[in-house]
Amino acid sequence: MSTMIEAGAVNRAENRSDWALWLRQIRAIMRIEISKNFWGRRAFLIYLLAAVPVFLMFLLSIVHTDGGKDITRNWAASQEVFGYIYEYLILQTIVFFGCAWIFMNLFRGEMVDKSLHYYFLCPLRREVLVAGKYLSGLVASATLFTLSTIGSLFFLYYARGYPANVNFLFDGPGIWQVFDYIGITILGCLGYGAVFLFIGLFFRNPIIPALLVYGWEWINFLLPPVLKKISIVHYLHTLAPVPMSEGPLATVVAATSPLISVPSLILFTAAVIAFASIRIRRMEIQYGGE
Amino acid sequence: MMNQTSEQESIAMNIGPDHLIIFENVSKFYGEILGVNRVSLSIAPGITSLVGPNGSGKTTLMNLMTGLIQPTRGRISILGISPGDPQTLFRRLGYCGQFDSFPKGMTGYEFVNSFLGVHGYTRKEAEERTWKAIERVDLIEAANRKVAGYSKGMRQRIRLAQSIAHEPEVMVLDEPLNGLDPMARSETMRLFRQLAKEGLHLIISSHILHEVDMMSDRVVLINNGYILAEGGVQGVRDEMGEHPMQIMIRCDRPQEFAAKVFASDNVVEAQLHEDKLGLFIKTRNAEAFYLLLNRVVVESGMNIEMVTPVDDDLNAVYHYLIGSNGGGQA
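Just so you know, the protein sequences line up as chains C and D, in that order. Everything in the first sequence is counted per this note's numbering, starting at 1 for the first residue and increasing by one. Everything in the second sequence is counted per this note's numbering, starting at 1001 for the first residue and increasing by one.
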């Protein structure tokens, strides 16, 4: 009996030390990858992409002579306009292509650079490698696109002036709207990140599947209810703080509650990452065809 | 295949599988293209060189050993560990591959240090090991420069440092002498010999046959995905009974010597040296020929200056088995 207890204690200690090792390894992978994501030669394009909505909101609020006044006079309409800009420009274009670039390059970029084998030659479970790479992509994309979202909101509020904003942000629903937009951006990075990591791992030419996903997300409003739910944008759309119409052609579907959409997205992400982790165990390094 | 079964059996009898690198009937196909076929090997500690022309399957064997590719058939065991268990294997194995590529933007120090971090070492441990490895390959002064600015030889050395930094028991080195200047080559070979003396397995592929000859404890000759011969260079040569051995003799009366020995069944060819002060003898049985030589010398009172085999080196073995000489390069 005492032997069994001792064996159990040893197993628990080994499990704990395994987890400690995996966490150290994930941190080391993240140090390498985050620095590449922010300072590597591929990062420039992402900075440009993240700057687009901020620049557009800057133009809307400053350059147009009546822009500021329009926003102040028609605050509700301005919020709705921002809602469309957010959903169609920021989320479905900037975050989408930004995540495609960041997450597909996590593995595909290393195959093109012929440097992935350095990871494969470490005493590292491949699942841990997938987790480390995914998390580093998530940190990079969530940071950049959250800043881009905050920057865009800043110019929306800036045009309205100081006292009105203080009231809206701290006495009204403003601060929660900001958190909602940030949350949607992070969830977008979470979901799209998993999809593009998977595509980057298993497709030699990831552009075509990425464009297919892009098309699927854009025609989502036209799809029948069952198919509509097989998308990321559907769940993100239901979380939008300002309700928006999908247009006259849209299929009418009951809105999914955030209590379902958020866990669904997280579960979907976990499932894609788990599947990628299983597939990567059999992955071989053959740079010849890259 | 020559020499292989008896060598493997004797190795396996003397050393347990936990100290050997074992290939059991391993084949690898890339679609319909053959990588290696039915390879069975038992590799003991020391320096083992894989020798063969380009595309013969050397890198495939190394990639199979390290799990970068998986065998289509067969089983591989590295010190009792499967290449499918990287978490255990790469604590004990280091691979310096042929890919001359690096993660972008890193200095030599960062390159070695970052991947020690991925091994799971703490920052302090990783730092100590990094400097030790960089010192071993003599790159201390360039350690903080970007790898992109290194010469080919320096890049080769920093990759070597990265593969030895965790002090593995097995090192797999694909063309590790490529790009090194003569001084660095000799230093690196000295390092390999030192590591082998410490009891490590070193599996090396090289094109430079005379260097392989100098440093290897045994060779594996491979061509078109098949192992042609395996063992000590001398042993492999001795097994090649169908290929006559060539011996050069310098003596005062070479013509008379040729006439006397040519009558023997063991001598298949006698050719005078162009300076007329020696001759080349081809024999199928070197030991019998040496007895004959002694008898001729005693009987004729000939003055023999030198007797030396001229084709018992790796170059000759390679030439016989693979059919290409290439001036000392495979």
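It should be emphasised that the hints constitute simulated quantities derived from the structure, not laboratory data. It is possible that part of the hints are untrue.
Stated by the list, open to error - Below, computed lysine-lysine pairings styled on DSS-like, alpha-carbon distance capped at 25 Å: (1) D/Lys1104 <-> D/Lys1146; (2) D/Lys1146 <-> D/Lys1124; (3) D/Lys1104 <-> C/Lys114; (4) D/Lys1132 <-> D/Lys1104; (5) D/Lys1124 <-> D/Lys1104; (6) D/Lys1276 <-> C/Lys114; (7) D/Lys1152 <-> C/Lys114; (8) D/Lys1276 <-> D/Lys1260; (9) D/Lys1124 <-> D/Lys1152.
A quick note: this is a predicted structure, and the numbers were derived from the prediction, not measured.
Evaluation of the provided hints:
Pair hint D/Lys1104 plus D/Lys1146 holds up; C-alpha atoms about 9 Å apart against a cutoff of 25 Å. A threshold of 25 Å between alpha carbons decides the hint, and for D/Lys1146 with D/Lys1124 the separation of about 22 Å falls inside it, so the pair holds. Distance restraint check for D/Lys1104 and C/Lys114: the Cα-Cα separation of roughly 11 Å lies within the 25 Å cut-off, and the hinted pair is therefore satisfied. Between D/Lys1132 and D/Lys1104 the CA atoms are separated by roughly 23 Å; this keeps the pair inside 25 Å, and the hint holds.
A threshold of 25 Å between alpha carbons decides the hint, and for D/Lys1124 with D/Lys1104 the separation of about 24 Å falls inside it, so the pair holds. The suggested pairing of D/Lys1276 with C/Lys114 is violated, with an alpha-carbon distance near 57 Å, which exceeds 25 Å. Distance hint between D/Lys1152 and C/Lys114 is fulfilled; the C-alpha atoms sit about 16 Å from each other, no more than 25 Å. With a C-alpha separation of about 16 Å, the suggested pairing of D/Lys1276 with D/Lys1260 holds against the 25 Å cut-off.
Under the criterion of a C-alpha separation no larger than 25 Å, the hint pairing D/Lys1124 with D/Lys1152 is inconsistent with the structure, at around 30 Å.
The earlier numbered hints that this structure contradicts are 6, 9.
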